[in-house]
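Residue numbers (this note's numbering), protein chains in the order written: chain A, 1 to 343; chain D, 1 to 232.
Hints in this document: simulated from the structure, not taken from any laboratory.
Possibly wrong hints are sitting among the right ones.
[To be verified] Restraint-style ranges between C-beta atoms, simulated for each label pair:
no., chain 1, residue 1, chain 2, residue 2, range
1, D, Asn80, A, Asn184, 52 to 62 Å
2, A, Lys153, D, Leu218, 47 to 57 Å
3, D, Lys187, A, Gln146, 35 to 45 Å
4, A, Ala249, D, Leu218, 32 to 42 Å
5, A, Asn31, D, Phe180, 47 to 57 Å
6, D, Asn24, A, Lys153, 54 to 64 Å
7, A, Ser195, D, Lys79, 47 to 57 Å
8, A, Asn31, D, Gln94, 36 to 46 Å
9, D, Ala117, A, Glu336, 33 to 43 Å
10, A, Pro47, D, Asn80, 24 to 34 Å
11, D, Thr177, A, Asp193, 55 to 65 Å
12, D, Asn155, A, Lys323, 35 to 45 Å
13, A, Gly160, D, Asn24, 48 to 58 Å
[What the hints assert, rightly or not] A short, non-exhaustive set of chain A residues, derived as facing chain D with CB atoms under 7 Å:
no., residue
14, Ala116
15, Ile117
16, Asn118
17, Met122
18, Ala126
19, His129
20, Leu170
21, Glu309
[Claimed, not checked] The calculated DSSO-like cross-link candidates involving lysine-lysine, where the alpha carbons are at most 30 Å apart (straight line), are:
no., chain 1, residue 1, chain 2, residue 2
22, D, Lys146, A, Lys247
23, D, Lys187, A, Lys41
24, A, Lys323, A, Lys247
Note that CB positions come from ideal geometry on N, CA and C, so glycine has one too.
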Amino acid sequence: MKKKIVTLAIFCVVLSAYRFVKEALFVVPVNFPEPVYDFSKNPLSPPKILLGRALFYDPILSRNNTISCASCHAQFSAFTHSDHALSHGIDDKIGIRNSPSLINLAWQRLFMRDGAINHLDMQALAPIHNIAEMDENIIHVVSKLQATKIYPKLYYNSFGDSIITGEHTLKAISQFMLTLVSSNSKYDSVMRDQSVFTDQEKNGYLLFQQNCASCHTEPLFTNNNFSNNGLAIDTSLRDLGRFGVTKIASDSLKFKVPTLRNIEFSYPYMHDGRFKRLSQVLNHYTLGIKKSNTLAKELQNPIKLTSNEKVDLMAFLFTLTDKSFLYNTSFAYPKEVFAESTK
Amino acid sequence: MIQKVKYSILFCLLILSNKDWAQNLYTMQFVVKEGATRFNFSDTLTLANDSNDVQITTLKFYVSKIQFLKRHKIVFEEKNSFHLVDFSNAASLQIAIASDSKLSYDELRFNIGIDSATNVSGAMGNDLDPTKGMYWTWQSGYINFKLEGQSVLCNTRNNEFQFHLGGYMSPYVGLQTLIFPVKNKTKVSLQLDISKIITSIDLAKSNHIMSPSTEGVLLSKIIANSFTVYHK
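With the rest of the complex left out, here is chain A (with noise of 0.2 Å):
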């Protein structure tokens, strides 16, 4: 009997630990709903976590060994490459987008400025096959992965098999990004009651809430919809936008309403990063709206904002900075794993 409740309360106490390490792993922060990735088809563990990592920062992933992921999603600026409003991959190769910030990606259903990617676990291989970015193919990263000193043994510590697939990569790859959750910005700690705004920050929030809040929607900062703000066709890119993925008329020239979480540091910005200024973003909604067929209802009556009010406006922006997040070293470059390579 003694020996039933022993084995007994030592199970409880390891279904508990269980239950805290999976809990830690990913919170749902209090004043977020329900994310939409399915956690129990990829259950996130820490080795996992890890070897997501280390694939995210390694360039290995690219055809020649010189892109990885960071480079075009580095973390200092939200996950996005900052300073060029068209990305550029291997071999100083020029993209037609601007990349996306990284940001709450549990929360998304539909992946790329176009939505073209319908699952977080596929994103990857886009960039991986891109000719522009790291023009590779999933088939072959696996088999240099296996060829490595590094790779099989983190692959066996998080799947239990040191033989590498393309299904373990992606899922790896996912872990990382899931883990990249900014729910640290003052304007969190003011919605859980712990700060409060400055009178500036209040009036800039409710414009926020009057002028931009319907595609911008708190608390993620999008709807994850796609919409045609009324930027004028580059002529240069002729991009379509969600059109391309959809061929249907009325997605014409839309694009995935991004987050704002973050945006001090995710410049350039729209999808084709036009704009070096989050002002020039502002003055593009009350002055530079070009209507066209597609145009987002919002948006058929301009916004009007005076400059003082712009000025608040950016102030509230500024709110949704989260050092948290910028400068969290479990998202950094993971050296101790690559150390081990070198040894």
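Fit chain D to the supplied structure of chain A, relying on the hints for placement.
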């Protein structure tokens, strides 16, 4: 009494364990047919009866959701039913389906391609692993059917043609469901009439399909109609 119960339990266990051993295997065998000739597999297949010197270098497709029906009701459905049939890999041409009981059926139903729910379910392994070369990377989705080769009719690099058929979103849904009346057979032989497919394409004008499209769906339907059951 206790002894009797013990023996009964032992007997039941024996039957249960035997059940696995006594699995009933049903197989589907795929071959390519050109005219009266049937091919098992090959690196390159030259269509002997075609005057346009057509060579097939790649022929692979997904077979999924295999079901056995009796009077239009499903009597058995294979779990995790996803198989990549690849004519450069002899082992893949035969699909073995295990059932616990002997099936009494009058129809065999399966899909050519991958259903939409699976298409949006993230990374998967085995035959659905993206390293199998049957996944579109620039726009998510499985390639249901891949047909590649060469013909003098194609005014392209190395006279190549490439048909990658797929699509899971309306209006370009490439998935095809095939139903064959087959009665209680343990081995079903299916042939794909390659000449029927090739002659349906004007190779001088159309030599590649790489994305979900009207032409892709049309060709998917022609392909679906090019499968038949044959008797040895």
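Results for each hint:
Distance hint check for D/Asn80 and A/Asn184: the Cβ-Cβ separation is about 41 Å, which falls outside the suggested range of 52 to 62 Å. Against the hinted window of 47 to 57 Å, the Cβ-Cβ separation of A/Lys153 and D/Leu218 comes to about 49 Å, which satisfies the hint. As the Cβ distance of D/Lys187 to A/Gln146 is approximately 37 Å, the hint placing it in 35 to 45 Å holds. A hinted range of 32 to 42 Å for the beta carbons of A/Ala249 and D/Leu218 is inconsistent with their spacing of about 21 Å.
The beta-carbon spacing between A/Asn31 and D/Phe180, approximately 56 Å, falls within the hinted interval of 47 to 57 Å. A beta carbon spacing of about 42 Å between D/Asn24 and A/Lys153 contradicts the range 54 to 64 Å that was offered as a hint. Under the hint 47 to 57 Å, the C-beta atoms of A/Ser195 and D/Lys79, about 53 Å apart, fit the expected range. Range check, A/Asn31 to D/Gln94: about 55 Å between beta-carbon atoms, so the 36 to 46 Å window is missed.
D/Ala117 and A/Glu336 have their C-beta atoms about 40 Å apart, which keeps the hinted 33 to 43 Å range intact. Our hint of 24 to 34 Å for A/Pro47 and D/Asn80 holds, since their Cβ atoms are close to 26 Å apart. Taking the beta carbon of each, D/Thr177 and A/Asp193 are about 56 Å apart, inside 55 to 65 Å as hinted. A hinted range of 35 to 45 Å is violated for the C-beta pair D/Asn155 and A/Lys323, which are about 59 Å apart.
Distance hint check for A/Gly160 and D/Asn24: the Cβ-Cβ separation is about 32 Å, which falls outside the suggested range of 48 to 58 Å. Below 7 Å, beta-carbon pairs count as interface contacts, and A/Ala116 has one with chain D at about 4 Å; its hint therefore holds. Because the closest C-beta pair between A/Ile117 and chain D is about 5 Å apart, less than 7 Å, the hint holds. Taking 7 Å as the C-beta cut-off, the interface hint given for A/Asn118 holds, the closest approach to chain D being about 4 Å.
Interface hint at A/Met122: satisfied, since its Cβ lies 5 Å from the closest Cβ of chain D, which is below the 7 Å cut-off. The criterion of a C-beta within 7 Å of any C-beta in chain D is met by A/Ala126, whose closest approach is roughly 6 Å, and the hint holds. For A/His129, the suggested interface contact is upheld, since its CB lies about 4 Å from the closest CB of chain D, less than 7 Å. The beta carbon of A/Leu170 comes within 4 Å of a beta carbon in chain D, closer than 7 Å, and the hint placing it at the interface holds.
The beta carbon of A/Glu309 is not positioned within 7 Å of any beta carbon in chain D (closest approach about 41 Å), and the interface hint is therefore violated. The straight-line distance between the Cα atoms of D/Lys146 and A/Lys247 is roughly 23 Å, inside the 30 Å bound, and the hint therefore holds. Using a Cα cut-off of 30 Å, the hinted pair D/Lys187 and A/Lys41 is violated, with the two alpha carbons roughly 35 Å apart. For the proposed pair A/Lys323 and A/Lys247, the alpha carbon gap of about 40 Å is over 30 Å, so the pair is violated.
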